[in-house]
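The primary structure of each chain is shown beneath.
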Amino acid sequence: MIESSLSQMGAALRAKKISSVELTQLYLDRIAQLNPALNAYITLRPDASLAQAKAADARIAAGTADALTGIPFGQKDIFCAKDWLTTCGSKMLHNFVSPYDAHVISQFNNAGAVNLGKTNMDEFAMGSSNETSHYGIVKNPWDKARVPGGSSGGTASAIASRLCAAATGTDTGGSIRQPAALCGISGLKPTYGVVSRYGMIAFASSLDQAGPMGRSAEDLALMLNTMAGFDERDSTSLQRDKEDYARDLNKPLSGLRIGIPKEFFAEGLDTDVEHAVQAAIAEYQKLGATLVDISLPNTRLSIPVYYVLAPAEASSNLSRFDGVRYGYRAPEYTDLADMYEKSRAQGFGDEVKRRIMIGTYVLSHGYYDAYYLQAQKIRRLIAQDFVEAYKHCDVIMGPTSPSTAFKLGEKGDDPVQMYLSDIYTIAVNLAGLPGMSIPCGFGANNMPVGLQIIGNYFDEARMLNVAHQYQLATDWHTKLPNGI
Amino acid sequence: MTWEIVIGLEVHTQLSTNTKIFSGASTAFGSEPNTQADAVSLALPGVFPVLNKGAVERAIKFGLATGSYIAPHSVFARKNYFYPDLPKGYQISQMDLPVVGQGALTILVEPLSGNAKPYEKTVRITRAHLEEDAGKSVHGAAQGMTGVDLNRAGTPLLEIVSEPDMCSAAEAVSYAKALHTLVRWIGICDGNMQEGSFRCDVNVSVRKSGAPLGTRREIKNLNSFKFMQQAIDYEVQWQIDTLESGGKIQQATILFNPDTGETRAMRSKEDAHDYRYFPDPDLLPLEISPEWIEQVRATLPELPHTKQVRYVNELGLSAYDASMLTSSREMADFFETVLSAVPNDAKMCANWIMGEVNAQLNRDGLDMSQSPITAQQLGGILKRIADDTLSNSGAKDVFRTMWAEGGDADAIIEAKGLKQVSDSGAIEAIVDGVMAANAEKVAEYRSGKDKLFGFFVGAAMKASQGKANPAQLNEVLKQKLAG
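Heads up: the sequence lines are chains L and S, in that order. What the first sequence shows, in the working numbering, is residues 2 to 485, in sequence order. What the second sequence shows, in the working numbering, is residues 80 to 562, in sequence order.
Just so you know, the hints here were simulated from the structure itself, not pulled from any lab data. A virtual CB, placed ideally from N, CA and C, is assigned to each residue, including glycine. Where hints are given, some of them may not hold.
Taking CB as the label site, the calculated pair distances span [unchecked claim]:
{"no.": "1", "chain 1": "S", "residue 1": "G275", "chain 2": "L", "residue 2": "L337", "range": "18 to 28 Å"}
{"no.": "2", "chain 1": "L", "residue 1": "E342", "chain 2": "S", "residue 2": "P151", "range": "39 to 49 Å"}
{"no.": "3", "chain 1": "L", "residue 1": "E233", "chain 2": "S", "residue 2": "E242", "range": "32 to 42 Å"}
{"no.": "4", "chain 1": "S", "residue 1": "G133", "chain 2": "L", "residue 2": "T65", "range": "53 to 63 Å"}
{"no.": "5", "chain 1": "S", "residue 1": "V217", "chain 2": "L", "residue 2": "P305", "range": "41 to 51 Å"}
{"no.": "6", "chain 1": "L", "residue 1": "T65", "chain 2": "S", "residue 2": "G275", "range": "49 to 59 Å"}
{"no.": "7", "chain 1": "S", "residue 1": "A220", "chain 2": "L", "residue 2": "A52", "range": "37 to 47 Å"}
So that you can see chain S by itself, here it is in the shape it has in the complex (with noise of 0.2 Å):
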């Protein structure tokens, strides 16, 4: 019997902004318990909420961003439930009427296991919307109790929801990474997941193919992409598991445990609040005008995917390579600072980074940010590989010296005296003392021993401490030999 995956997501992503959404407070992260609390966010008596202008220019970031609509006027809505660390009694958040409407992003699909090959898919988006952040309740603050921290409540968020478009984890979790993409890519989120910057809520369902949706789970916050995967995985199974025995899924909000890698239920529709939303009257709709948008579409960078279409058309690479180096901002920044220095090398800057550069700092343990090499310091190697001074092997060389000393890729060579002979004159000379010290295999090479050639090349690149230049040996070689 052959099941079908449906899984739609909702992402949190914490917006940048320095100030809250509704108030002069600092969004600073890892401050002392309630120092960011100002009357706003106390819920003080008579203290009402002031949009934050920044909150909505990064909302409209994200849906020009995503292709999706922009609404002209939405409305902030209260969304009523009693805890500590919520101070008003209420959420802030949209719910008729979001800020961002339907869009679509555009992902590369990297299947997790086997030989699958990466595919393109597009997931629609189905809504974006802004609201607030509670505040964090810290248990065990002092015996017995539970302290409440309100420097959190009010924070910014975006919460981006999708359709159910995705098919398997492997899905779930590349569209999830293309979201943390994105939205450091455009700025509006710093992506910091241990920081809860990119918290994800995933809404899992199976069915036999072609039926209609099965009841989904929610798993709430997961705030790594491993985690994301091993989740879906067992509640996957799990739902297969319960219905091929017979059972029932019924409508629930799990949590994952990373220690044992199972789910379990926090709560059923059952206990479903009613959060008697309705519009808050304390805020005025938020209209959005046509310039307003035009205004902000001018602040926002060249996105992946047109990088992407660029890198192909107009610089040669393949679309895995010109994926790979939008894989973020900082890769594809670090790309183009490279290219600067060898415009005509594309392939090969490429090559470099995806290849040298990526396998330092796995081995390292670094991201793209903390490479100890700049791009300025490839593009100063890759300059000489391109004006010949520099071999292949030479260039490594380089590379390794300056990855673990720094330095000025010139400086480096000329220290180590790894510049390439193309020198002519030189070249000929050495082909010259190579060819009289073995007349006799001349003899042979010249009476139909091309097998020699090979010998040649070694004995002369030798004499020239494994300098000179390989294509300009080979033909000096082939010319003299010739006679």
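Chain L with its partners taken away, still in its complex shape (with noise of 0.2 Å):
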């Protein structure tokens, strides 16, 4: 049952040949097993999922059953929860228990689906690695000596290893879609503004971007069509007709033009990974598709603008965490600005730190104009870019990650190298656009390798149809880690 779609999951729950609660506990033991070696979830409630499980049993027996009724998922720890203690990674939020439900929470839970835990995360979103959880560091299940990649580390690890049908991420940067390559499942990051975010803890307002993970193309379609939507209670959710991501899995891809940003295939990129990809390319042009050489010349400057932009808008977003009203405050403390200081100082970790510093710099009297100003520039230029791209082209492809999954330690000690990793994937998020990892094979190390797809604005459904294709093509999306 596990290794089934979730298209097949739903049947089978429909068809009553398993109820949501023997699925649920199913999920449950296999987490009560393996989790404790992988640490994937920060929190599980097994009664309030097996609740949710028994009511969409009921609702079944209704034949009242939406297309994820009965099926179990897990939800980033970013996504407020009602009665779910929501932390974010970080001992800031260790004792927030939230009072709403985010609009992706009541969207699963709308459509009858069992929220099966919150998954770890690097704190606040904030990490490429899921070293920077206050919960503890997640490992891969292909090599629990190497990292999951991140921020939505725990999602990618537990998808995995199997630990859930499919799971919510959040991709600011590249965490739906560096996890997903490092940990060899798929991930979606939809166009911004498609999925609301409301109720996701704000990392950086501009780029954050909820979307799914899973096993194949076909299940991230499914859940999509359950995630979008507009949202009056998020200013910058689009207001578009509804739609079905699903419609366009099987259409043929003759004609389909690929473009090939030579900035993705230079250096910085391990051979191991560029083998694999080139190998997908060229699976792809069996399948009808043509090449077309483009280039994006501005992307070199993504990472630069990245972490002035993103830094910029988190050291804002992240001052309403002062101890007041709710979360971590300092048991000690002298005066109003000393429970502040302390409490921000012993409630956030380091590269959370890292970052508000460096966004309360860049936005600093007298630097604003050459940082922040500057990079909103370049973004726009990047942005552009991509505009005159698909010009020539129907879908971007490269690399999702320079490597595979690194070793645990390994880059913990420079963030600079750890901030490359994401290379491929940020200039995504400054434009805009919507990008997927998917499998395409294994590196050294025997570690996976992920091919991103970056489409146009709102070619969510195109992305999927190339991605899914592939994967009938292709068995690499059905490998297991060992032991799992």
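Dock chain to chain to rebuild the complex, using the hints, since each chain is given by itself in its own frame.
Take a look at the structure:
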């Protein structure tokens, strides 16, 4: 059952071949067995999950089940879920039980899905290795000495080890795609504004976007159907007609023009990753696609631009964590300023503090023009590169990450080395475009490699089609780590 | 040595929306602490601002009423600082691109003392921008503790900034009053100064005539016109004294203490925060279409200045009367309702409202909205003056009765027998009676003693128990005495 697609799982549930309670218990048992070694979940509430499963079974019995009714999903701990501890991977929110549901959570709840647990993540989604979580590092199921990627590392690890049917992630600079690549699963970051950010704890508001992570493109399409849609509680949510993201899954790829940016195959890319990605592109040619050489000249600036803009927004977004109304407050302090300083000094980890300091600096009087404004200008140039490229191609392909999963602790002392692991994903967030990663083989040490597919604005249905056709022709996405 | 005073105002007007500027929480005043603090007011993790269109419409109204530029594209920015009553750690405001740009307000300046006459002055408006209010710190809420009440957090404000165009406390107060009138007039703010709905920051500097602008100090948070005048007077004198004794003015934020009548520095420029303003990425830029502006314009009432011009040109009132009658929307509405009873007697309406009505209101310590006599009731009295039913003194009698006991003018006239005698037969009979009783005096009058005319008027009026129509009585007397 756990290798069934979401639509097969839904069909089995509706045909009463298995109950949601049984399926949920199956995953809870797997979690009890495998999670201690992986640390993919921060919070589990088996009773609450089983109660939801029971309600789903009643709904199935009543004949009012939806596509996802009764299916157990993991939810990244960045999403506020009513009555659930919602930590965002931080000590700062170690005691925050949300009084409300995020848009994404209520969409899953309305569909009758089961919330299996809150998945681990880098603190406030700041990290590319899941080593910054206050709740412990997450291990990559393909090699527990290696990172799962981040920030949605708990989600990626849980899916790769089949500790949920699928799960949610969020992506500010690559946090869905990079861990998907490193754990050998599929993940999609939609166009900015497609999924409401309401209830998703903000890191960098203009870049944050939630998306589905799962075992196949087909599963992602089904999840996105549930997650997407206009929500007036998020002013950046886009008012668009509802669409079926699975509608084009089975279209043939003949005539598809794939843009290959030369900048994505230059210095810094590991050869094992390059080989797997080139092989995938060759497979696409077999499927009828043609290749177009393109250039994205300004993407080389995306890391510096990102590390001005994202920390700037984060430094302000994280100001609300002050120990006054909820969350962590230092046990001892002398006065108000001391309470703020101690609570934040003790409640935030190093990477979060680093970014708050960078962000505060670039917004400071006298530096704003040179950093923040300049970065905004380059951001527009980066977006313009893609506009130009899409005049000549339908999708863009390249590696998701320059390397396969690295060793735990390997980049911990060097933040810039860590930041470089998002070099191919960040430009997509800066432009607001949709991007995804699907497994396309294995590199050295037998670690998974991800193929990145970047689409034009609102072209998610086509991207899912492109990914699905590849997954029909190959079986990389069905491979399992040893011991799973 | 003569000193010039330079004053500019920043006025925070609380907009009269039922809900907050970025959430659906209520803005009602005086509720139990934190009962109007929803997830957005509390700045829970994961919640975002959603702009209240009603607040934008009120800003547009203000822009239209002051002939200001209304920006088709404006931007909300974050002003970052830590304070317990600022739950997000930043205030959402507008910085580089405010919703309302340059405009102007023409005011009537009433000098505060002496015999100087009122004069008109145009004060330029620099900008007006939308922002959210902070909550309140409640000191001593519990033993040795400070409480935080977030009911007010997120209440919409329009901060109206003027150019430094005012040169005296009188001008500053007149401008503030005109603005206070205007925002209530167009219905964007309730103007309640005790509840903090209209708060003024006053920037004051002095300079020698013709010299460049001096260093300013900003008096924060004045919530009464009286305090504003006292604070400016004190501050101006303090600055002049400081400069004349060789001192220098340091830019500073200061507070006025109404008990001592003095100002004192709160923080100097050196303590100024770096607010790290940047565009709020949670909000889209505010786009205002010409169609939206026209929709709002259609809801705008006739403005005070337009009314004044109409009162002078069409109703023949003096500029002073017109200005007084448009000092508030209630006053103008009252006047126009009274006028509808006697459309050809605008001057009489004005005289009665500014005379009898105002005097009684002042005596009883009431304002227009609390008047025990409605405009319809007063119209009823004036109608009876206009149709000669009431003499002026009879009308005042009716007015006093109505003020004390209420009732309808005609009923009071009837009950008190105040109906004026205008029947010519009746008046002739009275005159005949008086002449018959004073035949001797009639002869004296006819022989040239004109002065006796007054005697006959008095006697005839007495005989009519004061009810005779005076004009008619005069006419009949003149004819009959002439013989």
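So, going through the hints one by one against the coordinates:
no.	hint	verdict
1	S:G275 <-> L:L337: 18 to 28 Å	23 Å, holds
2	L:E342 <-> S:P151: 39 to 49 Å	43 Å, holds
3	L:E233 <-> S:E242: 32 to 42 Å	39 Å, holds
4	S:G133 <-> L:T65: 53 to 63 Å	39 Å, violated
5	S:V217 <-> L:P305: 41 to 51 Å	46 Å, holds
6	L:T65 <-> S:G275: 49 to 59 Å	52 Å, holds
7	S:A220 <-> L:A52: 37 to 47 Å	40 Å, holds
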